[in-house]
Amino acid sequence: MWFKSVCKSVLLGVPIGITFLDTVGYVARVEGISMQPVLNPDSKNTDYVFLSRWAVRDYNLRRGDVISLVSPKDPNQKIIKRIVGLQGDVVNTLGYKTQYVRVPEGHCWVEGDHTGHTLDSNTFGPVSLGLVNARAAYIVWPPRRWQKLEAKVPDHRKPYLEK
Amino acid sequence: MAFTRIIGKTCGFIGYALQTACITHCTFEYVGDFVMCSGPSMEPTLQTNNVLFTEHVSPRLQRLRRGDIVICRSPSNPKQNICKRITGLPGDRVRGNFPRRNQVVPRGHVWLEGDNSSNSADSRTYGPVPEGLIRSRVVCRVWPLDKISLMSQY
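Chains as they are written, first to last, in this note's numbering: chain S, 1245 to 1407; chain V, 22 to 175.
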């Protein structure tokens, strides 16, 4: 009898959990050095961030937001980057095909903070907003690094022309 | 007494509605859902206002093949979905429009084309599409009833 009730609560509980993770958000580990110094400032400890799915439900993103997105090169991989340019902006690129790029409609320009050690829009070009998975809102672990992630673009990476 | 009973009943009803909503969300997100398509780009295979059953399993497992019809987020507007046929997988050589006539589909991308090639905005306009944008694969048409048919080629 108890077995049946356990099965029933698992069957009903799992969809509720998945829905919560899908709509509200979840915690994920950040790997790699591409977002130094904001995330993973020393390579020994890895940060855990809260990814808010709710914040991207209608794709209202601002310049400077730290977002997680599905890599355009490998759909199994998620990457975490900062939005530098939104649609219509003209971005001064670092080693892309052309020096200046106008971000097309429905796309954004993402870059890692650790210039030169990151695989970002300077390699694969503007990314479609549909690939954006969530917005990184807080660093939640380790506890002494608990903080809100502010939306700010480094001064030297501001878009050349904002729309 | 009657008051507590009403509270209890309400809570029970809300819980039941929540469960149903969550189960529906998971089914539509991970198993399959129904899509109504509009627009002329997939004629003559699909007409406007056909209802399609689509499954979300093969895009998740990356079991996509040439010839599959897929539902995909539009690259230029993430709130809009498009329905196209995959005509090129990574590494394939495809024929695009004017600025880049012949190109190779890059890794992690697919080449989408509508069946109605003269009236379709597809990869020939906006280039290869990242696989991450693909939402589901069309399995069969369920409406109108006299045109029920499987859409996958096995």
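Hints may be right or wrong, so weigh each one.
As the list claims (entries may be wrong) - Examples of chain S residues lying across from chain V (beta carbon under 7 Å, computed):
#	residue
1	LEU1256
2	ILE1277
3	PRO1281
4	VAL1314
5	PRO1316
6	VAL1334
7	SER1372
8	LEU1375
To be verified - The following label-pair restraints were derived from C-beta to C-beta distances:
#	chain 1	residue 1	chain 2	residue 2	range
9	V	PRO111	S	THR1342	19 to 27 Å
10	V	ASN118	S	TRP1390	17 to 25 Å
11	V	GLY117	S	LEU1256	45 to 53 Å
12	V	VAL125	S	LEU1338	19 to 27 Å
Worth flagging that the hints you see were computed from the coordinates, not collected in a lab. All values derive from a computational prediction rather than experimental measurement. Beta carbons are placed, not taken as given, at the ideal position from N, Cα and C, and that holds for glycine.
Each hint tested on the structure:
no. : hint                               : in the structure
1   : LEU1256                            : holds, 6 Å
2   : ILE1277                            : violated, 22 Å
3   : PRO1281                            : violated, 28 Å
4   : VAL1314                            : holds, 3 Å
5   : PRO1316                            : holds, 4 Å
6   : VAL1334                            : violated, 18 Å
7   : SER1372                            : holds, 4 Å
8   : LEU1375                            : holds, 5 Å
9   : V/PRO111 <-> S/THR1342: 19 to 27 Å : holds, 24 Å
10  : V/ASN118 <-> S/TRP1390: 17 to 25 Å : violated, 51 Å
11  : V/GLY117 <-> S/LEU1256: 45 to 53 Å : holds, 50 Å
12  : V/VAL125 <-> S/LEU1338: 19 to 27 Å : holds, 25 Å
In summary, the numbered hints that this structure violates are 2, 3, 6, 10.
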